[in-house]
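**Q** Chains A and Z, in that order, are what the protein sequence lines are. With this note's numbering, letter number 137 in the first sequence gets 137, and the count goes up by one each step, no holes. With this note's numbering, letter number 87 in the second sequence gets 87, and the count goes up by one each step, no holes.
Think of the hints as simulated: they come from the structure by calculation, not from any bench. The model shown is predicted, which means the values in this text are computed figures rather than measured ones. Glycine included, C-beta positions come from ideal geometry on N, C-alpha and C. It is possible that part of the hints are untrue.
[To be verified] Simulated coverage check for chain Z against chain A, where a stretch passes if three residues somewhere in it have a Cβ under 8 Å from a Cβ of chain A:
1) 15 to 24
2) 94 to 106
[Said to hold, decoys possible] In silico DMTMM-like cross-links for lysine to aspartate or glutamate, where the CA-CA straight-line distance does not exceed 20 Å:
3) Z:53 x Z:70
4) A:162 x Z:5
5) Z:75 x Z:59
6) Z:90 x Z:80
7) Z:75 x Z:95
8) A:163 x Z:5
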Amino acid sequence: MQQREKYRLALLAACAIAMYGFERLIPTPIPWLRFGFANIITLITLTLYGFNAALTITLIRILIGSMLTGTFLGPPFVMSLVGGVFSVAAMWAAFRIRVFGPLGLSLIGAFFHNLGQLLAVYAVFIQNLRSILILAPVILFIGTLTGVLNGLAVIFTMEHLKKMSDNVQNTQ
Amino acid sequence: MRIAELINRTTLFDRILLVFMVFVTGAAIVLVPLCLPRGGQVRIEVDNKLLYKLPINEDKTIPIGGLVVEIRAGKVRVADSDCPGQICVKQGWIDSGAIICLPKRVVITVEGTAAVPKGIDATT
Chain A
1 MQQREKYRLA LLAACAIAMY GFERLIPTPI PWLRFGFANI ITLITLTLYG
51 FNAALTITLI RILIGSMLTG TFLGPPFVMS LVGGVFSVAA MWAAFRIRVF
101 GPLGLSLIGA FFHNLGQLLA VYAVFIQNLR SILILAPVIL FIGTLTGVLN
151 GLAVIFTMEH LKKMSDNVQN TQ
Chain Z
1 MRIAELINRT TLFDRILLVF MVFVTGAAIV LVPLCLPRGG QVRIEVDNKL
51 LYKLPINEDK TIPIGGLVVE IRAGKVRVAD SDCPGQICVK QGWIDSGAII
101 CLPKRVVITV EGTAAVPKGI DATT
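All chains should be modelled from the sequences, with the hints used to inform the complete structure.
**A** Here it is as structure tokens:
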């Protein structure tokens with residue numbers, strides 16, 4: 001791996017961790033409601049630098065993030081890990097078929113993140129299908145809402161990045 | 001960026017997916033409470049007196065007289081009885097309705113808080 005790439009990944013991972021830390025400060029009505037802002041960075045990385053880069057920064061974010069919040073190797077860590085890997089894999093598959101824009105990818109990512117988390121909960125912690133069934137509508141609703149929000153954020157960011165790179169090329 | 005521009009940035013499949021997700025979410029919100037299995041409380045009455053009122057999703061085994069009532073995984077059964085008929089034991093696991101053991105005058109009913117029909121029925 002080239003030095004340049006390493007720096008880029010480190011920077012993106014730092015952004016993702018910052019997003020993760022920032023969203024924990026936002027009070028939410030339900031304690032486990034998260035916006036998943038870090039997925040904005042993941043999605044941008046995925047579209048610009050591909051699957052390996054996106055997976056790397058997701059793993060770094062989950063690892064460092066869990067250490068910062070003191071949940072390393074605890075239940076939330078396992079849930080984030082499975083959810084994160086699911087989400088990156090699903091977004092990459094959806095990205096490869098080239099019919100979805102950032103909004104669709106973000107929705108898919110949010111949905112598969114939740115799916116992965118629920119599977120992790122079911123497989124590792126509690127085999128109670130009923131409580132998962134009760135949670136399903138809430139989780140679907142939150143996933144769709146945050147998916148749209150993050151998708152729009154990605155559209156804005158990509159547009160901004162495009163403008164910035166245009167400016168750089170014009171001045172050179 | 002204006003809204004129109006923003007909409008231009010989404011593909012047809014994005015929009016289809018969004019509509020689909022909204023639809024699925026709406027359907028889940030409406031349907032899941034409807035098809036949730038009943039549950040709630042297990043009432044155990046002996047001689048018409050209420051002895052126990054227990055949540056059905058908490059695993060427990062209770063001996064009552066010659067009966068052993070077992071609650072597990074949202075269901076209830078009589079695991080063992082010293083009566084000759086063994087009808088209550090043969091009835092097996094139930095998650096709704098009742099198990100009645102006449103010789104011991106024990107009535108075990110499952111009353112679902114979620115299963116009580118709230119809509120219009122034939123009499124209203």
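**Q** Does each hint fit the structure? Answer for all of them.
**A** Tested hints:
1. For the stretch 15 to 24 of chain Z, the stated coverage by chain A is satisfied: 5 residues place a CB nearer than 8 Å to a CB of that chain, which reaches the threshold of 3.
2. Requiring three or more residues with a Cβ within less than 8 Å of a Cβ of chain A, the coverage given for the stretch 94 to 106 of chain Z is violated, as only 0 such residues are present.
3. Between residue 53 of chain Z and residue 70 of chain Z, the direct Cα distance comes to roughly 13 Å. Compliance with the 20 Å bound is thereby established for this hinted pair.
4. With a C-alpha separation of about 15 Å, the suggested pair residue 162 of chain A and residue 5 of chain Z falls inside the 20 Å cut-off, and the hint holds.
5. For the proposed pair residue 75 of chain Z and residue 59 of chain Z, the alpha carbon gap of about 9 Å is at most 20 Å, so the pair holds.
6. Annotation: proposed proximity of residue 90 of chain Z to residue 80 of chain Z holds, straight-line Cα distance about 10 Å (limit 20 Å).
7. Among the hinted pairs, residue 75 of chain Z with residue 95 of chain Z is consistent with the structure: their alpha-carbon atoms are about 5 Å apart, no more than 20 Å.
8. Restraint check for residue 163 of chain A and residue 5 of chain Z: satisfied, since their Cα atoms lie roughly 15 Å apart, inside the 20 Å limit.
Of the numbered hints given earlier, the model fails hint 2 alone.
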